[in-house]
Amino acid sequence: MIPLSHYLMVSGLLFALGLGGVMVRRNLIIIFMCLEMMLSAANLSLVAFARYGLIEGHPNYEGQMLVFFIITVAAAEVALGLAIIVALFRKEQTTHTEDLNSMKF
Amino acid sequence: MLLADLFYPVNPLYLEFSVVLLGLALLVVEAFVPGCSKKALALIGVTGLLLILLATWLPWQPLDPSMASAHFYTWDALALFFKRFMIVMTILTMLMSLPFVPSIERSIPGEKSGSGVGEFFILPIFACASLMWLVSAVNFIMLFVSLECLSIVLYVAITYFRNDSKSLEAGTKYLILSALATGFLVYGIAWIFGTTGTMSINELSKAIAGLPLSSLTPLLFGIGLILVAFCFKIGAVPFQFWLPDVYQGAPTPITAFLSVASKAGGFVILLRLLEQLYTIPLLAKKMSVIVLALAVMTLLFGNLAAMAQSNMKRLLAYSSIAHTGYLLMAVVSIGAPLMGMAIQCYLAAYLLMTSLAFLVLLIVSQKLSNDELYSFQGLHQRSPFLACAMTIAMASLAGLPLTIGFIGKLFVFEVALQQRHYGLVVIGSISVVAGLYYYLKVVRAMYWQQPSEGAYPIVVSKKIGCLIGALAGGIVVLGIYPAPLFFLFK
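Quick mapping for you: the protein sequence lines, in order, are chains A and B. Residues 0 to 104 in numbering that gives the first Met the number 0 are what the first sequence spells out, letter by letter. Residues 0 to 489 in numbering that gives the first Met the number 0 are what the second sequence spells out, letter by letter.
Below 25 angstroms or equal to it, Euclidean Cα-Cα: the simulated SDA-like pairs (lysine to any residue) are:
#	chain 1	residue 1	chain 2	residue 2
1	B	K172	A	R24
2	B	K462	B	V100
3	B	K172	A	E97
4	B	K172	A	S39
5	B	K165	A	D98
6	B	K38	B	G115
7	B	K172	A	T96
8	B	K172	A	M22
9	B	K172	A	D98
10	B	K172	A	T94
11	B	K172	A	E35
12	B	K366	B	K461
13	B	K205	B	Q275
14	B	K284	B	G221
15	B	K205	A	H57
Only some residues are given here: those of chain A computed to face chain B with a beta carbon under 8 angstroms:
#	residue
16	F14
17	L34
18	A86
If you want the footprint, here are the derived chain B segments under chain A, 3+ residues with CB under 8 angstroms:
#	segment
19	142-153
20	157-165
21	172-178
22	237-251
Hints are computed from structural coordinates only; laboratory data are not their basis. Note that CB positions come from ideal geometry on N, CA and C, so glycine has one too.
Start from the sequences, fold in the hints, and give me the full structure.
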């Protein structure tokens, strides 16, 4: 059986990639994708922790329950987020973060 | 008798359900009743919320601990107070939206006049329901779901002016940064769940106490990630950078809602979490250092950065960061007997004065359609009433005596002194002095500077005048005689 640490390693890598992408990339769509990746990383760890944190021989299903909620919420967030990005593109003809600078003091 | 059995005592879960039902009913009315006036819609919503607010005083049935919902939802004094707090703020937001209607109509062109106005009144109701769930959440799953419900409503509300580039920009920034905070939150929850094996916030201290020392590092990692997420929500330095832009770009009533209700929700969860962690001596030491550092940074940054602002909404945004700092001062002093009361009192004061400031700002800025500080110049000649109300709001935000803001600050400093955080109190006092400078800058603009070209007298309608008078009166009366306020906290 694959040990827990392998799952955590992969999920940590995913999280770091997502976070790095959010910090480095300048395209809103890519940033949004990276954000979803961070959520997937959390999902992976949750499922792994739930599977390995046995209670009387059964997986701890609380973790998996949260995963379902995360998937649902992420879908709702994508629907709204893309709508906002489309509205922004219509108005400004851009999806780059450098162009979002109308408010500076 | 049978009827009484049916209704008394009632399961408290119905409170949130009725708020959601109210929102849905209004949406249906808005869509299907022809010729329904938008103002009537808002008034129905306000009346419904007032009834629900009154209903919180009914003898609600305590939750049966064996019930499944009791593991997700709590019904304690803290939750009850903040449920009322959220409902009051939602009512104020809806009332503030009424004079805001011309701006909405200007920003959302539709086939017929008034299209797109109805939803603006209805959105805060859904935000209110998710905040009411949030303040009752004692489980990470519940916390996550209610927090995300809130965020999703706020994305829509902030981006409401889809033809205004500022609103779009604010919405996009909030979307990205709030989703980033969610990522941190969920990953943190995963690690806490992994080390302790529980999703319950109430059982966290019990679960941590039984852990071996080696699992402290992953646990701290998880707690740190969650703290980052909540610092985003409450706007604590160094996670405050979204706040000024979002506050400036969002429609003004939504800004008020964001700065009061959403912040209060974040503080409730922070309190619940830290109360559990402080029972473990090893964690308590680490946590208090972190929260202390956050409080100091937030106090200094918020107050010093606010001094340079020339835009009124940005100024209020930095002032809101500064107030987060004062609230964190109270959070540092967890364990002081009056700590919970200090936070409740401060937030209640903050609700009144922030709403008043934003309401006056909304009316003044609507005339000139900009919210720079110079549009306040010579306000006492254009509308002495508004100038007086704004002066009261600013005095209260600065914490001058005879206003409710003073009572709030008094409590916060008192609990910090009780826990012997003398250095923090010194920094707090310095920031109060810095605060005086920029709040009085607004007063100076209103009374000692000449109005700019094309500034007309502002006529305030009677209803709005009553609302402003009520808020200003509340600030002064409760500042002189705060006993009714304490009645709410018990």
